[in-house]
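Participant: Take these sequences, add in the hints, and give me the full structure.
One line per chain: the protein sequences are A and B, in this order. Under the numbering used here, the very last position in the first sequence is 365; numbers go up by exactly one each time. Under the numbering used here, the very last position in the second sequence is 198; numbers go up by exactly one each time.
Just so you know, these hints were derived from the structure itself, not from any lab. Here the structure is a predicted model, which is why all the values come from computation and not from measurement. A hint or two may mislead.
[As the list claims (entries may be wrong)] Computed cross-link-like contacts, SDA-like style, restricted to lysine to any residue with a CA-CA straight-line distance of at most 25 Å:
1. A:LYS276 <-> B:ASN57
2. B:LYS165 <-> A:GLN25
3. A:LYS276 <-> B:GLU49
4. B:LYS13 <-> A:PRO295
5. A:LYS276 <-> B:ASP108
6. A:LYS319 <-> A:TYR58
7. A:LYS267 <-> B:THR46
8. B:LYS118 <-> A:ASP303
9. B:LYS118 <-> A:TYR58
10. A:LYS7 <-> B:ILE192
11. B:LYS157 <-> B:ASN57
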Amino acid sequence: MDRHNNKQLLRLAALVIILGLAGCQDVYIPELNVENNHLVVDGLITDQPGPHVVNLGYTGIYGELRHRRAATGATVFISDSGGREIQLQEFYAGQYMTPVGFSAEVGESYVLHIRLPDGEEYRSSPQEVRPPVKLENIEARVGSDFQYFDSNISDRLYQREFIGKHVYIETTPQKEAPPLFRFNTRLLLQYAFSGNGGGQGPPPMNYCWEYRDITKVVRREVSRPESNRIRTAFIPRSPEEMRHYNFPPRTYMSPKVIMMELYALNKESHNYYLNKYNQLSDEGHIFDPIAAQLPSNIESVGDPDNQAFGLFEASAVSKRGFRIIMNYRENTAAIYPWSTTAHISTSGCLVEERPPFWISLPGIP
Amino acid sequence: MNELLETDILQAKGYSYGAELYVRKQSGFLTGWASYTYSSSMRRTTESETENQINGNVYFPSNYDRPHNLNINASYQLTRRLRLAATFSYSTGRPITLPEHIFWHGSDVMIRFSDRNKYRLPDFHRLDVTLHIGKRLRRDNRGGSWSISVMNLYGRKNPYSVFYKRTHGRLDPVDSFNLYQLYILGRPLPTITYNFTI
Chain A
1 MDRHNNKQLL RLAALVIILG LAGCQDVYIP ELNVENNHLV VDGLITDQPG PHVVNLGYTG
61 IYGELRHRRA ATGATVFISD SGGREIQLQE FYAGQYMTPV GFSAEVGESY VLHIRLPDGE
121 EYRSSPQEVR PPVKLENIEA RVGSDFQYFD SNISDRLYQR EFIGKHVYIE TTPQKEAPPL
181 FRFNTRLLLQ YAFSGNGGGQ GPPPMNYCWE YRDITKVVRR EVSRPESNRI RTAFIPRSPE
241 EMRHYNFPPR TYMSPKVIMM ELYALNKESH NYYLNKYNQL SDEGHIFDPI AAQLPSNIES
301 VGDPDNQAFG LFEASAVSKR GFRIIMNYRE NTAAIYPWST TAHISTSGCL VEERPPFWIS
361 LPGIP
Chain B
1 MNELLETDIL QAKGYSYGAE LYVRKQSGFL TGWASYTYSS SMRRTTESET ENQINGNVYF
61 PSNYDRPHNL NINASYQLTR RLRLAATFSY STGRPITLPE HIFWHGSDVM IRFSDRNKYR
121 LPDFHRLDVT LHIGKRLRRD NRGGSWSISV MNLYGRKNPY SVFYKRTHGR LDPVDSFNLY
181 QLYILGRPLP TITYNFTI
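Facilitator: Right, dumping it as structure tokens:
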């Protein structure tokens, strides 16, 4: 047999092997032996003036749940180590609110108490409010990031790389270890355009903004216990590309402001968020953490076997704003502290009037 | 890739035991052997901190715990040249951990998994058959023999692994994850072999 035939034979063998192995992956629908649904708690109180909200709901069975199921009609209150009790009122199905102005105190411990209409009682472990996290340093560096998008032509997702700036923060290490925290990052972008003046006089100027959560962009919202440095944001270089990060398709002006909220966590809450991150980032690859279970801090009062899920979190919050100006040619960034006392809505426009948080730069109205 | 693999490794203790049975028939038209093994392999963590415990430090089946294992190999001489052979394998499915509940935390859909290795993959079983056609009797001893086989005769899809996959970018968070099973041979695979001596 000559070399040509050998090659053909090898190709044929490879094809047979590929065909034999391809299609060896099916969606698996497990037969579950699952008991009743469990209570789920998603509650947060902070050292900022309230009201703060505790959400109560129930789990759904894997493969069946489509919508959240609220736990209504419960009696909910929070107690502190001094015996003070703060009653929560249900203002919407399954959503319980503290009194207006209530704030947690740093160093104090709080326990969440829940009594469901069927008499079942639950409570959280004591949640200590840790001191607010202090920022030691912030820096931005040029880099790239990948995002996944739905394809218009097929059912598969496609991946796209963006050039932009990564924003890193460093926190002040505490006595023995880096502080434990999670964060939210919001990005403020502005744009202006001339409206239709109706032919009389110059057209009016519209001053608009978009203010959105970009925490998911970095796909990690919790610090590492062994490091006090973490990436908190990624901002694409081209303002037009912000539409790929859930911003409306606009041509945005250059000022970019990020607002960060750092939530100081105790060990229990941090462990919950770390496992949450592990679970969300699990893509089934080899060496991925397996079956990251979320350790709840809620337990049944009378029946230890009656599990409850979720987290009651008590945190001190520090809010910081920064304006970032990037020099891509030299890979340097000028970062200025930025703050406003004005409330910034998710989006909006003012006609012939700059909003109080508007940043004017040379060449920009 | 888990960047901190060493922090996810826990120490555990365990034990294993089992018994094997083997019978063989070497004479007559029907020959073959059968083996059966019963075994158990259990593990448990001994950590004092709750977050480092698996199943609350209670014994659970290890990944290699497959209590029943049966193999039967039989061969029947139909005629001088025709021999029919079959191999049947059966074993209990491998233990796995499955998602049982889902719930929302913030805007994220989270999964509550079962206790470690609470469930098992479907049992593994497969039948392979072969028909051997021997050489014709010739004085010069030339010619060859044929083997016609069908692996996995009844086309069972025996999963050897089930994995969980979360897909980024889906608008509906409930649709963003699924369980998938992997298997190697999911349909009957016929083969034909010609054996000859030059």
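Participant: Determine for every hint whether it applies to the structure shown.
Facilitator: Hints, one by one, checked against the model:
In summary, the hint linking LYS276 (chain A) to ASN57 (chain B) is supported, as the alpha carbons are separated by about 22 Å, within the 25 Å threshold. Taking the CA atoms of LYS165 (chain B) and GLN25 (chain A), the gap is near 12 Å; set against the 25 Å cutoff, the hint holds. A distance of roughly 19 Å separates the Cα atoms of LYS276 (chain A) and GLU49 (chain B); the hinted pair therefore holds under the 25 Å criterion. With a CA separation close to 23 Å, the supplied pair LYS13 (chain B) and PRO295 (chain A) stays within the 25 Å bound.
Proposed proximity of LYS276 (chain A) and ASP108 (chain B) is supported: the alpha carbons are some 9 Å apart, at most 25 Å. This hinted pair does not check out: LYS319 (chain A) and TYR58 (chain A) have alpha carbons roughly 32 Å apart, beyond 25 Å. Pair hint LYS267 (chain A) plus THR46 (chain B) holds up; C-alpha atoms about 21 Å apart against a cutoff of 25 Å. Between LYS118 (chain B) and ASP303 (chain A) the CA atoms are separated by roughly 22 Å; this keeps the pair inside 25 Å, and the hint holds.
As the CA atoms of LYS118 (chain B) and TYR58 (chain A) are separated by approximately 22 Å, the hinted pair is consistent with the 25 Å bound. Only pairs whose Cα atoms come within 25 Å are accepted, and LYS7 (chain A) paired with ILE192 (chain B) is accepted, the gap being roughly 22 Å. Straight-line distance between C-alpha atoms of LYS157 (chain B) and ASN57 (chain B) comes to about 34 Å, which puts the hinted pair past the 25 Å bound.
When each numbered hint is compared with the structure, violations occur for hints 6 and 11.
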